[in-house]
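Based on the hints, put chains B and S in the right spot on chain Y.
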Amino acid sequence: MFTFDLAFTSSSVHQEPAEEDSAMLTRLNQRRLLSAYVLEEFEFPSDVRFHELPLFPEWHLPVKLMVVLMAVTFLYTFLRDVLQPYVSQSRNDFYKIPILVMNKVLPWTSITLLATVYLPGILASLLQLHRGTKYSRFPAWLERWMSMRKQLGLLAFLLACLHAIYSLSYPMRRSYRYKLLNWAYQQVKQSKEDSWVEDDVWRMEIYVSLGILGLGVLALVAISSLPSVSDTLNWREFQCVQRILGYTALFLCTAHALIYGWRKWVESKYFVWYTPPSFILASFLPALVLLVKAVLTLPCLDRRLELIRGGWERPGRKRERDSL
Amino acid sequence: MFTFDLAFTSSSVHQEPAEEDSAMLTRLNQRRLLSAYVLEEFEFPSDVRFHELPLFPEWHLPVKLMVVLMAVTFLYTFLRDVLQPYVSQSRNDFYKIPILVMNKVLPWTSITLLATVYLPGILASLLQLHRGTKYSRFPAWLERWMSMRKQLGLLAFLLACLHAIYSLSYPMRRSYRYKLLNWAYQQVKQSKEDSWVEDDVWRMEIYVSLGILGLGVLALVAISSLPSVSDTLNWREFQCVQRILGYTALFLCTAHALIYGWRKWVESKYFVWYTPPSFILASFLPALVLLVKAVLTLPCLDRRLELIRGGWERPGRKRERDSL
Amino acid sequence: MFTFDLAFTSSSVHQEPAEEDSAMLTRLNQRRLLSAYVLEEFEFPSDVRFHELPLFPEWHLPVKLMVVLMAVTFLYTFLRDVLQPYVSQSRNDFYKIPILVMNKVLPWTSITLLATVYLPGILASLLQLHRGTKYSRFPAWLERWMSMRKQLGLLAFLLACLHAIYSLSYPMRRSYRYKLLNWAYQQVKQSKEDSWVEDDVWRMEIYVSLGILGLGVLALVAISSLPSVSDTLNWREFQCVQRILGYTALFLCTAHALIYGWRKWVESKYFVWYTPPSFILASFLPALVLLVKAVLTLPCLDRRLELIRGGWERPGRKRERDSL
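Chains as they are written, first to last, in full-length UniProt numbering: chain Y, 1 to 324; chain B, 1 to 324; chain S, 1 to 324.
Keep in mind the hints are simulated off the structure, nothing from the lab. Predicted model only: the values in this text are computed from it and were never measured. Each residue gets a CB set at the ideal place from its N, CA and C atoms; glycine is no exception. Treat each hint with caution, since some may be false.
A short, non-exhaustive set of chain Y residues, derived as facing chain S with CB atoms under 8 Å [said to hold, decoys possible]:
{"no.": "1", "residue": "Leu162"}
{"no.": "2", "residue": "Tyr178"}
{"no.": "3", "residue": "Gly310"}
{"no.": "4", "residue": "Gly311"}
Excised from the complex, chain Y in its bound form (with noise of 0.2 Å):
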């Protein structure tokens, strides 16, 4: 078998260093990558330096940024929804953490994630704007975050996908039956004939739809990026994909986040331990960039973006130029 085949004669593969120059390597690579689901370590050809190869570069920042998120929106969830009952109301809800909680902690990290998308293409265009020319270097933390941006679109998206399975999965659970059956119970006894609350109602409705229309938008842009999928694409498809699609998404999802939130805004028993319900912190940045976004498309502020991005200067910038 051509795997093991590569294994043994290895050490013969040592004579010819010529003929193993990288491209042919990567072609067994790739041949190989197809044939073996796990590769075992000594499944490698021996001349394959395995600890100097590079490990996902690109992807350090953006899980790191994902897992600190997380991380704070566990702790600000558990305090407010777990602790806060206990010490309050010394109301056991611990058992909320393995789902409730989780399922609080995976759209909010989410969403942030999807807002950092957009955030710096917008600084960008805010930059030129201000500089009035686009002959002149971005901040390099600027073009590292650009260059970062397919990263953490897709790590959003793999959390919205989390999201979308376990909230599909609240009415499953065991906790939820039992609440059901006692709520039943309740609704017998007070002998109430119709427990139903159209204002409720509606909210649910609307924003379940929304985020399941939200999730559906994003997979569509998660798609195009897959490597095969987007080298079919051309300039134009590919922007109108990634832009159009993708303000679609983050504008659905927020709307998600706001009509799940609904009025708790203003009704204070959702203020405890004077914290805002997570909703409104976690809808804040990508209504932000969504709000700036739509300033930049004013017709004004758009005309004078394609004037720049087409070589245009502020005279004062020419000149700039021209002294140098």
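What follows is chains B and S alone, placed relative to chain Y:
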């Protein structure tokens, strides 16, 4: 950083148009697509004539078709499920629009699109049987249609996925919870020991199971049409996936729709305003496709088709061609 | 249109067989695969010897294994969950077959296949430890097995996805609704204030959460084995994804199964007809794999393996080889 070097040296790039051949451009393209997640205009090399690039030409017609179908099915469902109860019993069911109506529009459109994927192949077969030869072009509209099957199929799959998520979200909705509580209340008031309806249970178990299996098979077909996957398949494998799995999916989904209908066929209360329930209209076309396909696989017709596709012609035909 | 020009000029194509080399054929192939979604026979260039093409050779054995496993697990579950109650208490639970029985068959088969992905790697390590060298071929069956790991893993992932959808569909089923209503009725009749079972709640919250996380990690592994994705990974990245994430997924899924079981281990009422509950049988193999893997990562054994894979041989071995 690569992305921006491109943008800033773009003026100089103009000097050497020779090197800027399309092949090289696409290579840049690829690298860029991998490096950037969202493209702002100013990230393009300025020699890309942006607005001259095509924008998903092969998707225009399929998407238009989908939008039209969704509009029609939405109107039909809205009239039957929301407006009719409001007019006749002045019952306010408008809360149904975001999810329940949406979730009739999605499967209806989805299965119709899926049927249109397999319809042209059947029409082509019938045409060949009628003409008794394969050496004559198909009408232009049929060839156009056949070239859209991939897009139609992928749209059908997208809508099927959304349909699945919408359906799974039913029991987590407040509206469902309140209904459940009220039903429980009623059952207690009527002191009804057991509300089990065997017939209804069987219906739901079967159509849910068929729906999930249908979605699973459809997913395999969709994955196999990812460029990088389909490139690894040979003619026979690709046809096997697309035809055998494809028809299996169509069959499962049609069965899913019909069993969902169960015996609403006959119960007149489902014919509000003399309109048939949507599942009848939805399952008509796919059922027809499957029926004709079944007829075409009858030995006699199948052998005839084999001959024609092997190059055989009905004697009459042959003379015609020679006489030219 | 390209597709059909091909079909109609196929007679002429026969004149130049030289140009029709496989490379060009595959190129046509690619272009065709992108242009057409369903292939009818008459769309082939007639010089493709259709029935001589291989049909997923590397999938035959894995799929056979899957089918056999599903048949066995189905029979076992059917006997325990449907036939036994019918025979012993003449309770009619046949409605369970389409979903509840299916949804025990799917996870059981899925986790078993996942275990068989990691078993051969472990056997190979043990063999190398025993032989004290890497310079001797593995038995043919083991090499064959290792070459099937990708297929086994993807099938496991497919079944895991179906399992997830089936599980999420539980509460939307009529059968569940009716049961819920009857439970509510019972609770009221017994005027039972609260039906909450802390222990049961915790069990479900944890195993659902673990299951979702397991599926998420497994999805990453599956995505990384898409050709176009795996081509962008280097040896180390690919191994990292396939081994670290893969074992994490196996661990999460096994924990998911064991916590699902909770303390059915000891409660004899789950041992109907003296057969153990399926989760015990299902989690046996994966648990074993994880255990042996854990042992193999003990410093002493790990260092020894490192040495062997670095080319070191147990003195005895060396002499043997030289004596040849």
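Which numbered conditions among the earlier hints are violated in the structure presented, ordered from lowest to highest?
-> 3 and 4
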